[in-house]
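Protein sequence lines, in the order shown, are assigned to chains A and B. Going left to right, the first sequence walks through residues 1 to 371 as the numbering used here numbers them. Going left to right, the second sequence walks through residues 372 to 654 as the numbering used here numbers them.
Calculated from the structure, these hints are not laboratory results. Being a predicted model, the structure only gives us computed values, none of them experimental. Be careful, since some hints might not be right.
Heads up, incomplete: computed chain B residues facing chain A, CB under 8 Å, no partners named [claimed, not checked]:
1) Val459
2) Ile486
3) Gly488
4) Gly505
5) Val508
6) Ala509
7) Ser577
8) Ala588
9) Arg598
10) Pro599
11) Tyr614
12) Ile615
13) Ile616
14) Leu647
15) Leu648
Cβ-to-Cβ under 8 Å is the rule here; a few derived chain B residues that face chain A [said to hold, decoys possible]:
16) Arg389
17) Phe500
18) Val501
19) Leu502
20) Ala515
21) Phe623
Positions of the beta carbon are idealized from the N, C-alpha and C atoms, including for glycine.
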Amino acid sequence: MPIAPGCVRLSMGPHPLRRAAQAVAAATMAGEPLMAFVWKRLLGTIPSLVGVVVLTFFISRALPGDPAAFFAGPAANAASIASIRATLGLDRPLPVQFVSYIVDLAQGNLGRSLTTGQPVLTDLLERLPASLELSSFALLFAIGIAIPMGVWAATRINGGVDHACRALVTVGAAFPTFFVGLLFVYLFYFLLGWAPQPLGRLDEIAFSPPPRVTGAYTIDAVIAGDWPVLRAALAQLILPAISLGLFALAPIARITRAAMLEALSSDFIRTARASGLPVRKILMAYAFRNVLLPVSSVLGMVFSFLLGSNVLIEQVFGWQGVGAYAVAAVIASDYAAVQGFVLMMALLYVLLNLLVDVFATLVDPRVRFEG
Amino acid sequence: MSLVTLARNTGYAFGENRVTLVAAIILALLTLFAILGPSIAPYDPLLTSATTKLARPSLAHPFGTDALGRDILSRVIVATRLDLGMAVSAVALSFVLGLALGALAGYFGGWTDRIIGRAMDTIMAFPLFVLAMGIVVALGNSVANIIIATVIINLPFYCRFARAEVNVRRELGYVEAARMGGNGPLRVLINHIVPNILPPMMVQASLNMGWAILNAAGLSFIGLGVRPPTPEWGIMVSEGASYIISGEWWAFMFPGAALVLAVFSFNMLGDGLRDLLDPRKRV
Numbered sequence: 001m002p003i004a005p006g007c008v009r010l011s012m013g014p015h016p017l018r019r020a021a022q023a024v025a026a027a028t029m030a031g032e033p034l035m036a037f038v039w040k041r042l043l044g045t046i047p048s049l050v051g052v053v054v055l056t057f058f059i060s061r062a063l064p065g066d067p068a069a070f071f072a073g074p075a076a077n078a079a080s081i082a083s084i085r086a087t088l089g090l091d092r093p094l095p096v097q098f099v100s101y102i103v104d105l106a107q108g109n110l111g112r113s114l115t116t117g118q119p120v121l122t123d124l125l126e127r128l129p130a131s132l133e134l135s136s137f138a139l140l141f142a143i144g145i146a147i148p149m150g151v152w153a154a155t156r157i158n159g160g161v162d163h164a165c166r167a168l169v170t171v172g173a174a175f176p177t178f179f180v181g182l183l184f185v186y187l188f189y190f191l192l193g194w195a196p197q198p199l200g201r202l203d204e205i206a207f208s209p210p211p212r213v214t215g216a217y218t219i220d221a222v223i224a225g226d227w228p229v230l231r232a233a234l235a236q237l238i239l240p241a242i243s244l245g246l247f248a249l250a251p252i253a254r255i256t257r258a259a260m261l262e263a264l265s266s267d268f269i270r271t272a273r274a275s276g277l278p279v280r281k282i283l284m285a286y287a288f289r290n291v292l293l294p295v296s297s298v299l300g301m302v303f304s305f306l307l308g309s310n311v312l313i314e315q316v317f318g319w320q321g322v323g324a325y326a327v328a329a330v331i332a333s334d335y336a337a338v339q340g341f342v343l344m345m346a347l348l349y350v351l352l353n354l355l356v357d358v359f360a361t362l363v364d365p366r367v368r369f370e371g
Numbered sequence: 372m373s374l375v376t377l378a379r380n381t382g383y384a385f386g387e388n389r390v391t392l393v394a395a396i397i398l399a400l401l402t403l404f405a406i407l408g409p410s411i412a413p414y415d416p417l418l419t420s421a422t423t424k425l426a427r428p429s430l431a432h433p434f435g436t437d438a439l440g441r442d443i444l445s446r447v448i449v450a451t452r453l454d455l456g457m458a459v460s461a462v463a464l465s466f467v468l469g470l471a472l473g474a475l476a477g478y479f480g481g482w483t484d485r486i487i488g489r490a491m492d493t494i495m496a497f498p499l500f501v502l503a504m505g506i507v508v509a510l511g512n513s514v515a516n517i518i519i520a521t522v523i524i525n526l527p528f529y530c531r532f533a534r535a536e537v538n539v540r541r542e543l544g545y546v547e548a549a550r551m552g553g554n555g556p557l558r559v560l561i562n563h564i565v566p567n568i569l570p571p572m573m574v575q576a577s578l579n580m581g582w583a584i585l586n587a588a589g590l591s592f593i594g595l596g597v598r599p600p601t602p603e604w605g606i607m608v609s610e611g612a613s614y615i616i617s618g619e620w621w622a623f624m625f626p627g628a629a630l631v632l633a634v635f636s637f638n639m640l641g642d643g644l645r646d647l648l649d650p651r652k653r654v
C-alpha cells in the first residue's frame, strides 16, 4: 500500500509537539485535516453502535429465554406470566417491540431493576465511577510497568528482564484473573497482613466516603483534601488494581518488546548509531516512537479484557462497581439490569476504541492514509 | 503416512521442544482423568460429611475437604470431564462454524463477505466476556448455553482467520487449475482450499483452548451455567473463596491450580505446534 514518503521520516522529528504539528500539516496537504479524520471515524462507529443495539435487543427478546417468566418470578402461573407479557409489550410483533426499545433507549430508559427497584440507568451510573476507577488504576499500573519492561527486554535480549517479561506473558495467558485475585488476598491479607480486608472500596467502619463529586473515592478524597481517606481508599484499591492490571500488562509488554526489537534493527537506527548518537537518545527519541502505534493497536484488546475481567475482580474484592452489580443481577435473574450492563459496557468499549484510533493517528499519521 | 513415519515425526516434534512434550504428557493425563473420572476418584465427589468439614490436606484427603466435608481431590478429578468437555466442544463448534463462514466470505467476497464481516464486527464490538454473560443470561442458565456463548465469542477469530487464508489462496495457480478442470465453487473450496488452511487453523484452535477453558470457568465462577453441587473448577474456586479470609487455602487453591495446569498445557502445546508449523513466528 502506498505510504507518503515524507511520513516515514516524520518519526525522526525532534520533539513530540512539533511532530504532531507536522503530522497535522502532512494530513492537511493530503487533503484530510485531523478533525475530518475524527469525524469520519466517528461516523464509522455508527454501524458498530447499530450492531450493538440490535444484538442486545435480540439477546433480550428473540432468544428462547422468556423475560416475562423471569419478571414474574418462580411462583408465577400461566395467567400472571401472560399479563406481565402484555404489560411489558412482549406479546406485540418483534418490529414493534424493536421500535419501542429504540424509543426507550433514546430516552435513556433501560427499564427498572428487580432487585434495587430503581431505574437500571440510575443504578449503573451510580456504580460506574467505582469500576472506572479500578480499571483506570489497573491500566495505569499495566502501562507504567509494561512499556519500560518491554523496552528494557528488547535492548537486552535473554537478559533478566527479558526472561521476566516472557514469564509474565506465559503467566498472564494461563492464570484466571479471579484465581490470581484470590491468591493475592491469601498472600497479602491473610499471610502477610499488608493489605486491608478485601471487602469493598473503603473500610466504612473507620472512614466515611468523601463527598461525591466524581464518584471515584481517590479523586473525591483529593478534592476534599481528606488525606486519611485517600490513603484508606488507595489501600483498598491496590490489590484489585494490580491483579487486574497484571493481565493487561502481558500483551502490552510483549508488543512493546517486539516493536522495539523491530525498530532497533531498522536502517535509521543503524544510521543513528553510526553517527555516534548517545544510546539514550537513540532509544528514547528515535526507536521508542515506533512502539506507540503497535501498543495503541493492542489497547483495543486490552480494554475488552479489562471491561470483562472487571466483573470477576469486583466479585473477588467485593468492589461495589457495575460488574458486581451485574453478577448480583445474574444470580437474581434480574433481566433488565444485565441487559443494561451489557449495553453500557459495549458502548463504553466502542468509545474507548474510538479514542484509541484517534490516539493512533496522532502518533502516526500513516494510519490516516492507510485507513 | 505410515505409522512409523508418524512416530518419527512426532518424535522429531517433541525432541525439538521439551516443554511441548511435558505439556502433551500433562494433557494426556488430564484426558485420562476426564475419561475415567468418577472411577478413579478416591471418594464420591458429592459425598458430604459433617465430621470432616474444611479438613487440612492429609493422607486420607490429599487436597483437604471443602465446607461440606467433600473430598477436594475427588471433586477436582471428576470436574476434569466437565471443564475439558465444555472447552473442547466450544472450540470444535466455533472451529467448524468459523471455518465455514470465513471460507464462504473469503471465497465469494461481495455481499456474502460484507454480511458475514459485519456480523463478526458486531460480536467484536462487545467486550467478549460481558457478551458471553449476556448470552448465557438470555438463553438460560445451563452448561449447554455456556458452550453456545463461548462459541459465539470465539467465532470472529476463526472466521477472520479462515477468510484471510482463503482470500490469499483464491487466485493461486492450483485453485485456478481446479476451477478450469470444471470443479464447481463449493468443490474447489472444500476439496482444494480448505485442506490447505486446516493446519494453521488447528494451531489457532489449540492456542484458543486455554482461553475457552478460562472463559467457561470465569462464567461458572460468577454463578452461571454449572449449578452446585456439580464439581467444576470455576465454581469450586468460588466456593472456596469465602474461606480464604480465615486461612483455609486448600478449598480454592487446588481447583484453581488444576485450571492453571490445564490452560498452561494447552498454551504450551499450541506454541509448540505453531513453532513446528511456522518457525518464523518464533519470538
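(message) For each hint given before, does the structure comply? Return the numbers of the non-compliant ones in rising order.
(response) 1, 2, 3, 7, 9, 10, 11, 14, 15, 16 and 20
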